[in-house]
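Asks: Below are the chains, spelled out letter by letter.
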Amino acid sequence: MARLVLSEAHSDRVEKILRELLGKTGARCAILADISGQLLAVEGRVKGLDTTVLAALIAGNVAATAEMARLLGERKHFQILFHQGEEHNLHLGAIGTSFLLAVVFSVQTQIGLVRLFAMRAAEELGKMAPEWESLVMVPGASTQTVPEDFAQTLADELDNFLKQE
Amino acid sequence: MLINWKLREINLKIVYYGPALSGKTTNLEFIHAHTNPKMRGDLVSLKTREDRTIFFDFLQIELGAIKGLKPKFQLYTVPGQTYYLATRKVVLQGCDGVVFVADSQRERLAENCATRVNLLTNWRDLGIDAVRMPLIYQFNKCDLPNIVAPETLRAALQVDTTPYFIASATQGTGVFETLKAIINAVAARVQTQI
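As you go down the protein sequences, you meet chains A and B in turn. Going by numbering that gives the first Met the number 0, the first residue of the first sequence is number 0, and it counts up by one from there. Going by numbering that gives the first Met the number 0, the first residue of the second sequence is number 0, and it counts up by one from there.
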């Protein structure tokens with residue numbers, strides 16, 4: 000089971016980095032996801048935007064282009080992907096081999112500015128990443144635990160959740 | 000698995016795996032159509048013009064807070080067609096549980112077996128421990144006339160103690176039962192790990 004745990008302190012630090020990125024670039028929003036498509040954090044203007052689905056699609060996008068890189072004989076997957084739209088652009092950057100940083104920004108925003116500060120944010124996030132991955136590897140290392148009988152309570156309530164209409 | 004303590008959320012990834020046209024997407028379509036819209040997101044399907052899954056389908060369901068922790072289940076399908084083999088491995092990354100959707104039709108038996116071998120190979124390549132990964136089998140298309148007996152499928156797929164469900168995803172039979180079983184299996188594993 001691939002495991003990631005974000006403590007409140009981790010989330011606060013990640014969100015601060017993302018907010019700074021948005022402040023410096025004027026981008027609409029920034030999303031941190033992992034390569035399996037899990038959404039770790041999001042900051043910015045996301046009203047009406049399904050960031051969960053976006054994270055899943057971003058991960059799929061990066062995975063597909065990694066295969067392209069391999070076919071081209073690249074030793075690593077592409078570090079940056081860029082999608083240009085009529086109103087919005089999307090900058091995707093790899094953070095090591097496990098995480099992705101996506102920045103959604105208006106076409107009026109300077110691409111170079113987004114690329115520079117996204118790269119810096121990715122470096123900072125990359126330094127933190129081992130903490131999220133290692134926390135659960137050591138039993139008892141996390142100060143917070145899943146409530147007792149979580150699985151049993153979930154099982155009891157599943158019938159209500161999944162009632163056929 | 001991703002636990003976000005600030006949001007008190009636990010995100011779990013469940014992958015519907017199986018041969019081409021076995022009904023993986025149909026399972027998700029049924030779940031999407033028959034659950035409370037407040038508890039689920041949109042069903043996103045990356046399909047070809049022929050309506051075949053090219054990358055994956057995606058559906059998130061949220062079950063409300065359980066003991067103060069909100070579980071979110073992200074359901075994915077893999078493309079069944081063999082020329083999308085590389086994609087299957089990508090979708091399996093970071094999965095917390097797998098539903099193997101087998102096609103009960105007689106002529107699909109060999110394809111079911113080949114896909115099961117492919118699943119085990121992908122798990123091995125990804126460093127996933129096949130023994131510990133929650134896995135539920137679904138023997139789909141039980142409403143069709145030319146099907147093999149569940150015992151035959153069990154033997155062919157080497158399903159011994161692994162739970163299985165007989166289903167007709169187009170009619171909804173067995174779909175929720177399968178989903179409940181995999182959610183419970185994944186939740187039980189979470190409980191022992193964190």
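Check each hint, because a few of them may be wrong.
[Claimed, not checked] Partial list, computed: chain A residues near chain B (C-beta under 10 Å):
no., residue
1, L39
2, G43
3, V45
4, D49
5, D158
If you're looking for bench data, these hints aren't it; they were derived computationally from the structure. Virtual Cβ for every residue (Gly too), placed ideally from N, Cα, C.
Asks: Would you pick out the hints that fail for this structure and give their numbers low to high?
Replies: 2 and 3
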